[in-house]
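Here's the letter readout for the chains.
Number of protein chains: 4
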Amino acid sequence: MLSFENDYSEGAHPRILQKLVETNMHQEAGYGEDSFTAQAKAKIKTVIDNPSASVHFLQGGTQTNQIVIDALLEPYEGVITPDKGHMNVHEAGAIEYTGHKLLSLPTVDGKLTAAEVRKYLETFYDDDHHEFMVFPGMVYISYPTEYGLIYSKKELTELHQVCKEYQIPLFIDGARLGYGLMSSASDITFKELAQLCDVFYIGGTKTGALCGEAVVFTSDNEPKHFITTIKQHGALLAKGRLIGIQFLELFSNNLYFELSKHADEMSQIVKKGFLEKGYRPYLNSDTNQQFFIVEDTKIKALAQKVRFARWLRYDDTHSVIRFSTCWATPEKNVQELLKLI
Amino acid sequence: MLSFENDYSEGAHPRILQKLVETNMHQEAGYGEDSFTAQAKAKIKTVIDNPSASVHFLQGGTQTNQIVIDALLEPYEGVITPDKGHMNVHEAGAIEYTGHKLLSLPTVDGKLTAAEVRKYLETFYDDDHHEFMVFPGMVYISYPTEYGLIYSKKELTELHQVCKEYQIPLFIDGARLGYGLMSSASDITFKELAQLCDVFYIGGTKTGALCGEAVVFTSDNEPKHFITTIKQHGALLAKGRLIGIQFLELFSNNLYFELSKHADEMSQIVKKGFLEKGYRPYLNSDTNQQFFIVEDTKIKALAQKVRFARWLRYDDTHSVIRFSTCWATPEKNVQELLKLI
Amino acid sequence: MLSFENDYSEGAHPRILQKLVETNMHQEAGYGEDSFTAQAKAKIKTVIDNPSASVHFLQGGTQTNQIVIDALLEPYEGVITPDKGHMNVHEAGAIEYTGHKLLSLPTVDGKLTAAEVRKYLETFYDDDHHEFMVFPGMVYISYPTEYGLIYSKKELTELHQVCKEYQIPLFIDGARLGYGLMSSASDITFKELAQLCDVFYIGGTKTGALCGEAVVFTSDNEPKHFITTIKQHGALLAKGRLIGIQFLELFSNNLYFELSKHADEMSQIVKKGFLEKGYRPYLNSDTNQQFFIVEDTKIKALAQKVRFARWLRYDDTHSVIRFSTCWATPEKNVQELLKLI
Amino acid sequence: MLSFENDYSEGAHPRILQKLVETNMHQEAGYGEDSFTAQAKAKIKTVIDNPSASVHFLQGGTQTNQIVIDALLEPYEGVITPDKGHMNVHEAGAIEYTGHKLLSLPTVDGKLTAAEVRKYLETFYDDDHHEFMVFPGMVYISYPTEYGLIYSKKELTELHQVCKEYQIPLFIDGARLGYGLMSSASDITFKELAQLCDVFYIGGTKTGALCGEAVVFTSDNEPKHFITTIKQHGALLAKGRLIGIQFLELFSNNLYFELSKHADEMSQIVKKGFLEKGYRPYLNSDTNQQFFIVEDTKIKALAQKVRFARWLRYDDTHSVIRFSTCWATPEKNVQELLKLI
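Here the protein sequences come in this chain order: X, F, Z and P.
In this text, residue positions in the first sequence follow the numbering used here: the first is 1307, and each later residue adds one.
In this text, residue positions in the second sequence follow the numbering used here: the first is 1307, and each later residue adds one.
In this text, residue positions in the third sequence follow the numbering used here: the first is 1307, and each later residue adds one.
In this text, residue positions in the fourth sequence follow the numbering used here: the first is 1307, and each later residue adds one.
No wet-lab data here; the hints were simulated from the structure.
Don't take each hint at face value.
Copies of the same chain are indistinguishable here, so a pair counts whether it falls within one copy or spans any two.
[To be verified] For lysine-lysine, the following DSSO-like pairs were computed, each having C-alpha atoms within a straight-line distance of at most 30 Å:
| id | residue 1 | residue 2 |
| --- | --- | --- |
| 1 | K1606 | K1425 |
| 2 | K1530 | K1604 |
| 3 | K1425 | K1604 |
The model shown is predicted, which means the values in this text are computed figures rather than measured ones.
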């Protein structure tokens, strides 16, 4: 059956697999000290034009959030985060497991504004009893958000400004980073995004890799003995080459960006098609995920013909459903989908 | 340069890569719910002849030790372990990170005996103040050990017996399980080993996979909501298929055992060759790692021609060095090595 | 200066100090094994008419919440709690420090209703992805709440009923328990309250003791090796008698209840006096704390003459302030206060 | 029955109780902000002649070790400690609970030497794989040790020197500090001891207080937001005055030192008496605890007449038993004891 259920249903882009095959018998050092990993790190630093950045490869998104946040926060600090983020809901308490509180701010659409963050920080430091409270030690956002929305250059600039004033890092979860950067609605380059935060990660898993996320510390702020911290969290692969090779290929010949762009384009066709047929959008996404408010009876019928994700209950008779595209989505599948709805 | 540095210097066995290529475009469910993972689990249960076992796939050894131990222990419990084990030294405190103490017993050769474990448990419960001490909640051993030694059927049976008496699980770290089982010195079958413990894992990383370890709970003792625990530890891969496919191939057509056997045979040639040339063995290993006590000046010279691991300082003028073989070691390399020494 | 700032400004009720003096030179066992602690435990079990309850003494409220919650929850569980509770704000992340998420439900007045809890639990188990979420493992409420409100017998009965249906414990934080039980608005006895939850604690610190809280497990549910857990959390006093003696005296001759009743009565005089002078109550408290919405300029003037707590900003020109009474508040102080406002 | 079981069998020295009674009705700020606590801190800084020291009061020894170690270590660090220390055995894993490994060094008598510590640190940094190991982040010793031994000025100076070279703090557990400082064998003043470490604590519980330990950071090294960390660990008493008042009295008119000296003198009479009667000492203690190797049959007989602590099994027919004195031990009790043996 046709599936638009998520952006990780297939394996890896064929060029990535090919690279794994080609390099397979090279004897390399373990634990991320191999030559492919070194090349992949260099590629990423070049593409963001920041030679002093530091790059590390981890396996998945929850793991990356957990390790980056735990490594950058002091034990008495928590992380400011939008309340609708997956970290708050679908990561099984992975952040709290490390002892840190999520300081969740209510949002309308899952995006944090600089004004909201500033107000939280001001109120915190104005409170006579703030020494008995969890100190806000970081701001965390997703780009794009779980709902496919992106931040504008102005929005990111303002957020980063507040963080700089309060001397706390801005961390961008880029599980779907490429889909945001290549979105037709984006007004920001990769280099600019990297300058407008203190740490971010580039999602491999959801953009054509078998696994792997690349953490980038942008401002001489790699936590001391970060390798030890990664090992302590059980996240240091013996064959670090597995992820190094994949990112090396993703950042060769623009592959990462082309895959992202393709998915965004497919998603825009989905969006246009649904809107033309009168479907009601939940919000206006310009990235690889589209959310629609659909009657439950219609959802049930649709589910016979195509796979998608049920996102949330909207009201007694409607739910929000999600259609994802990815590097592997051929346009003919999109056209078939549009015929089905 | 010729390398016998470790058993994870290459990528994956070609049949595994081939399987990843073949299955690549299948659309599958995420987070370990894919059909390949299901098949791989079934294969493993068949090979140990235990239909009620439960199997889960994780990414690496430290991660697996951390999650299994944290999930099986009560918060006030620690794990009995031989003092020379890598968990005690080279895992960056990954177990203590989860709040559990390692209850390290001194050993001569890194192997725990049933008598030592029994004495520890008796002494513990005899202590009037044991309520102020960390409760021993598990026994952990490696098979083979970091020094390539294996336990006999009798030894494992006795260890398991003590554990049963005290109602604590016996956990076997099988990062190099195959090399033990296929050793010419082994008197135990895989099925028997699986019966003589409560939980073990089958190492993929060191036996031909790109990554991945298979945890097997043998006695209806999978921790409740284990998936949630895996997720909470940041260890649930979105593309769970990556590991499922690899284990499916490893346990098809006996591949896992053949690869292990090959490495053991190559290692025995190394051993014989070194002994014939008068090298002094550190201990008598029948698995894929050989340890020799060598003069430092000789080590320095040797290091110009071949890669190996420096293991530990033996005395003021000698060190212990290690030569590892693996699935990817051709016999001609072993013969070249023997010419060099 | 006259102070109504909180209910812990003085030392201990004189009868408690007297008891400490009288018993001082008795040689007793340490770590809570002394005869006074045993007697105090027996007294508490008698007063709640539950011989099979188990009682433990700890030092303060945050510590008690932390240990009880950590001991009763599984590692993958969190605790349902009203969003306005101090545990969420002013306990410095003490619960998250133990790895558990607070599952905060929005409330109007800081009280949780059975309907809200049931809805949360139903929604949780209806979610297809709940295995990736923090499991709700306990319901936590304060009696009275931080705002002095109490639950009726009906409300507690319904809350406990939901907990029983979902087989999770109901934990009542009784830092100010006596003030609730002795409130003129209370329709519940101590025995009934103890029956309507699975664990609660009796606050000593805020009811006339120097320190100390008594945890009571009501339904054969003391966590295994709880003493070990207390020790592991650094909370086992060598001279456990210090708290045992205080609770022994508090529960002799009705002292605990008389002290609580006195404070409630003083508080009602405060309330009546403020209302008569036209002060606007923030909510209707019948326990030992009164909250009023007052103009900031008036607050500033008042602060010259009497000490009270600034609670929260109400709007641009008003704040909520709190006046607390306790066992040590003489009626003449209350009358003086009323003259000042 | 006559008891020499431990040094915390009685309540508090009468002058301490008297002070609690006298100050009882003063209305004071909570959470350690009271005037008595401020005075007590000033007294301690005066007695060690270090105006820039910072002092905090906690409740018990395990708690103090746990909080100081957790606050001073980075998450990837552990603490070097002698293997026989109680922290390793009888503190229920309280340090590991906070995620830190104990790096235990074998010792003959429970004392660490500078040479042993230096060797450990050198070996650690020489290890090519030390990035995969727990970093040594602190040295912890007890003064006196659990066996009543003290360090000489030379020994402490050398230990501190190694710590300074490696830039890690030296932490002295002073649960029985006074008994060491006032020992006839001590060659060090309190001021000198405070200069020869980076943090230490003064035990109140075992020297005449009801509870309480005073942590002293000696070199501008109070951890940032330490109050928040104390609160987060559940260790901030609402009525901080309870401990402040006790230390204020202990450090008024030399009380702390007089109590310690008295106990040491009583202990020396015990020691002399036992030696004269031919008892075999386990080691040579000049502080308030004496350890003897005694035949088990004799121990059994003795236990009918006097209370003491059974310490450890020495061989098949002998055990080590301990006799403690304290501030409350009258000389006539010691004389009675000597008659009994």
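To see whether the hints hold, each was checked on the structure:
Proximity of K1606 to K1425 under the C-alpha cut-off of 30 Å is restricted to the inter-copy arrangement: shortest distance 24 Å between copies versus 44 Å within a copy. Taking the shortest alpha-carbon separations for K1530 and K1604, neither the intra-copy value of 54 Å nor the inter-copy value of 36 Å comes in at or below 30 Å. Within a single copy, K1425 and K1604 get their C-alpha atoms only as close as 43 Å, which misses the 30 Å cut-off; across copies the closest is 26 Å, which meets it.
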